[in-house]
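Put the two chains together into one complex; each comes in its own frame, and the hints tell you how they fit.
Chains as they are written, first to last, in this note's numbering: chain Z, 1 to 169; chain G, 170 to 428.
The set of hints was computed from the structure by calculation and includes no laboratory data. There could be a bad hint or two in this list.
Claimed, not checked - Cβ-Cβ distance ranges computed for the label pairs, FRET-style:
no.: 1; chain 1: Z; residue 1: Gln26; chain 2: G; residue 2: Pro341; range: 52 to 58 Å
no.: 2; chain 1: G; residue 1: Glu394; chain 2: Z; residue 2: Gln26; range: 51 to 57 Å
no.: 3; chain 1: Z; residue 1: Met48; chain 2: G; residue 2: Gln171; range: 28 to 34 Å
no.: 4; chain 1: Z; residue 1: Asp73; chain 2: G; residue 2: Glu252; range: 27 to 33 Å
no.: 5; chain 1: Z; residue 1: Leu87; chain 2: G; residue 2: Glu394; range: 58 to 64 Å
no.: 6; chain 1: Z; residue 1: Pro44; chain 2: G; residue 2: Glu252; range: 25 to 31 Å
no.: 7; chain 1: G; residue 1: His326; chain 2: Z; residue 2: Pro44; range: 40 to 46 Å
no.: 8; chain 1: G; residue 1: Asp379; chain 2: Z; residue 2: Ser33; range: 48 to 54 Å
no.: 9; chain 1: Z; residue 1: Gln59; chain 2: G; residue 2: Gly425; range: 28 to 34 Å
Values in this document were obtained by computation on a predicted structure and should not be read as measured data. Quick reminder that beta carbons are idealized off the backbone N, C-alpha and C, glycines included.
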Amino acid sequence: MDVLLTIPDPEMPISIVDLGLIEDVQIQSGCVSIDVLPTFVGCPALPMIADDITRKVGQLEDVENVEVRFIYDPPWTVDRISETGRLSLKTHGVTVPEPGSGATKLDVPGHQHPGGGGEGSVELRTSALPCPFCDSRDTKLESQFGPTRCRMMYYCNACKNTFEHMKKV
Amino acid sequence: MQSIPDNLKPPFTDLLLAIADDKLMLGHRNSDWTGLGPILEEDIAFSSLAQDEIAHASAFYELAGELLGTSSDELAFGRTPEEYRCAAIVEVPDDFDWASAICRQFFCDEYDMLRLKRMTISNYTPLANLAGRILAEEQVHIEHSEEWVVRLGRGTHEARQRMQKAIDRLAPIALWLFEPFDGLKSLIDAGLYPGSDFDMYDTWTTRIQDILEKAELTMHVEIGEPDDKGGRRGVHTEHFEPLLNDMCEVYRIEPGVAW
Chain Z
1 MDVLLTIPDP
11 EMPISIVDLG
21 LIEDVQIQSG
31 CVSIDVLPTF
41 VGCPALPMIA
51 DDITRKVGQL
61 EDVENVEVRF
71 IYDPPWTVDR
81 ISETGRLSLK
91 THGVTVPEPG
101 SGATKLDVPG
111 HQHPGGGGEG
121 SVELRTSALP
131 CPFCDSRDTK
141 LESQFGPTRC
151 RMMYYCNACK
161 NTFEHMKKV
Chain G
170 MQSIPDNLKP
180 PFTDLLLAIA
190 DDKLMLGHRN
200 SDWTGLGPIL
210 EEDIAFSSLA
220 QDEIAHASAF
230 YELAGELLGT
240 SSDELAFGRT
250 PEEYRCAAIV
260 EVPDDFDWAS
270 AICRQFFCDE
280 YDMLRLKRMT
290 ISNYTPLANL
300 AGRILAEEQV
310 HIEHSEEWVV
320 RLGRGTHEAR
330 QRMQKAIDRL
340 APIALWLFEP
350 FDGLKSLIDA
360 GLYPGSDFDM
370 YDTWTTRIQD
380 ILEKAELTMH
390 VEIGEPDDKG
400 GRRGVHTEHF
410 EPLLNDMCEV
420 YRIEPGVAW
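One chain only, chain G, in its complex shape (with noise of 0.2 Å):
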């Protein structure tokens, strides 16, 4: 498919902007560690994700810009709170623990790992190309989060203690991850996203207790029909406000500026 029908435009662009939103967030979350790494070499790692995730939300915002006739920075710093798309994973903050930092970067590596793979089957070529792309740079995103997972659970008395208590309280919020938004079964039914989110969701969890096993950590979570709206549908955590108030602060003083 190389251009998408009007009916299937709004569930598409929310498709691609959840993408694009939860890799803003969550690169400007790792950006939150450069200077503070606990050490050289991860300083450098955050620092590098920031600048992978960042790269690659602005490539999802100018296909989304495509489709919307609007432009990548406009979507990335222009919209209203409730016009983003993010998950409630990207925006609780870490409070600068380590264990929480790479607990969530864990939970999203993994997420966004099977979310690529099934965008690279979309019959929508630009996104198949993209997604194929991506998902190349980010290998060495999972290798990292999975190494340390395993490194601090095996770790010491503290680091393994730290760790639990950072999958314990990360992973409920995880989970919304795979809310469901509308229209998502008409673009599985398109072609345009294959595959299905109970599929994925099992995928993940196995995954993820492969490695928490390794690591000899535990997680306890069940999914279920969320009873409320979260941020696939544009309601947002309390963190959201001030996470995208400080990121849009240049872009509302000075909108199209350049840097």
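Chain Z extracted, bound-state conformation (with noise of 0.2 Å):
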């Protein structure tokens, strides 16, 4: 576990551990077998997790074989991410939905009501979104869509910063 600690996202600034990817290790005779989430589908940074993790858990002593396996069941949710992941995150102006907000196989998110108009989603979102930098709340939604599938834009009217979002699923 140690080692994986270690390891960055390669789209995060932080470890594969702190951002909740890691599901099972099992170690038997110096075979290690990996269970790894990907935060999205399909994520395109899936073969370079594992080609670090391979190589890094296969420098260890005794270790002789390195398995890596990309599963969907449980669901990566942006709960996954430890404490410790969220507070670096939010130095590097990226914030995280509130604990326990992520979505569950039980909880499947439902139409809500478009912003465009002036009211409705975009607006609830933003009222209850602290800017990483200077904890306003006095910020908007930019854009869904951001750097990464998995992260969304958002600008603070009061310190005049861009920042990322991280979609909750």
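Here you go:
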């Protein structure tokens, strides 16, 4: 586990452990088998993550073989990000939905009201989202899409910074 | 259900290919806007949509591939046109008209949410798990397209006119999303794809009319029993083959190529 903590996510400034990707590690006489939960289905960073794990764990003493499996059950949710991970992301200008708000299999997200007309989901989301730099809540959604598939863009009217917010999955 | 009985395999793989093919083609159409979006945010949005749709298509191809004994690449790029199951709405070009791109996205996103919801209660666990996961990822798609429909509808005179024109042109084509295919009823009866297409159509039109009302736009369509076969049964629009040839060019030159 210690070595996994040294592996950063290719697209996030935290370790794959703090991001909550590691579901299970099994060790049987030199063979290490690791179950990894992708954040998003078919995330393009998966081959890099598998390579990093295989290489770093493979260098450990007594390890002969490393197997990395990507599994979708249980699903990864933002709730799996550790407290350390959340704090670290915040200093890098990335906020994470409140713990407990991640989507689960039982709680399938439904339709929400459109926000384009000046009322509805955009405003609701905005008012609840503090800026990671200055903690102001005077922020607005710039775009539901961002630099990677798991992030959205927000703008803080108070400190004039853009910041990223992880999609609520 | 952890395995699919042999007699249900053809319609079930048709269902998986229908969603995968819709997503692959839509994702490809989305990617046309990369570098050409009307504003930077939308350039990024449509590029992200393309990534999402193609990743989701790939996951459904994998499920289908396990049942058909083939690979997701082979399914995505290695079939003849009549073996594809996508609907007409993802085949037609948007001619780089922003209103058409938004309108298509809106019709497809609304349909996709309902189809995925039905899949989440499938008794085939691998499908239910995947659909639940993808539904969560697609939540922002629907917010994005609904917001744009309202924004354009309530926008300038030109924006509103172009949006209405796109709806008038694309709504009849979008109805082909609901084309029934052979064996669909057997999937419903077996609990593999629970629910009813009629209910789904009602929910789809109601939701669309609600948003269009907010956008001060209108849609007049009536669904009937299709006279001819459409994409769900392998008969495609004239736009499909050029699109497919474009997508498959590299794969056909060197099958199995990795990039």
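Quick rundown of the hints versus the structure:
1. Z:Gln26 - G:Pro341: 52 to 58 Å: 55 Å, holds
2. G:Glu394 - Z:Gln26: 51 to 57 Å: Holds, since glutamate 394 of chain G and glutamine 26 of chain Z (Cβ atoms, about 55 Å apart) stay within the stated range.
3. Z:Met48 - G:Gln171: 28 to 34 Å: 32 Å, holds
4. Z:Asp73 - G:Glu252: 27 to 33 Å: 30 Å, holds
5. Z:Leu87 - G:Glu394: 58 to 64 Å: With Cβ atoms ~59 Å apart, the hint holds.
6. Z:Pro44 - G:Glu252: 25 to 31 Å: 27 Å, holds
7. G:His326 - Z:Pro44: 40 to 46 Å: Since the Cβ atoms of histidine 326 of chain G and proline 44 of chain Z sit about 41 Å apart, the hinted range of 40 to 46 Å holds.
8. G:Asp379 - Z:Ser33: 48 to 54 Å: Holds, since aspartate 379 of chain G and serine 33 of chain Z (Cβ atoms, about 49 Å apart) stay within the stated range.
9. Z:Gln59 - G:Gly425: 28 to 34 Å: 32 Å, holds
Hint violations for this structure: none, all hints satisfied.
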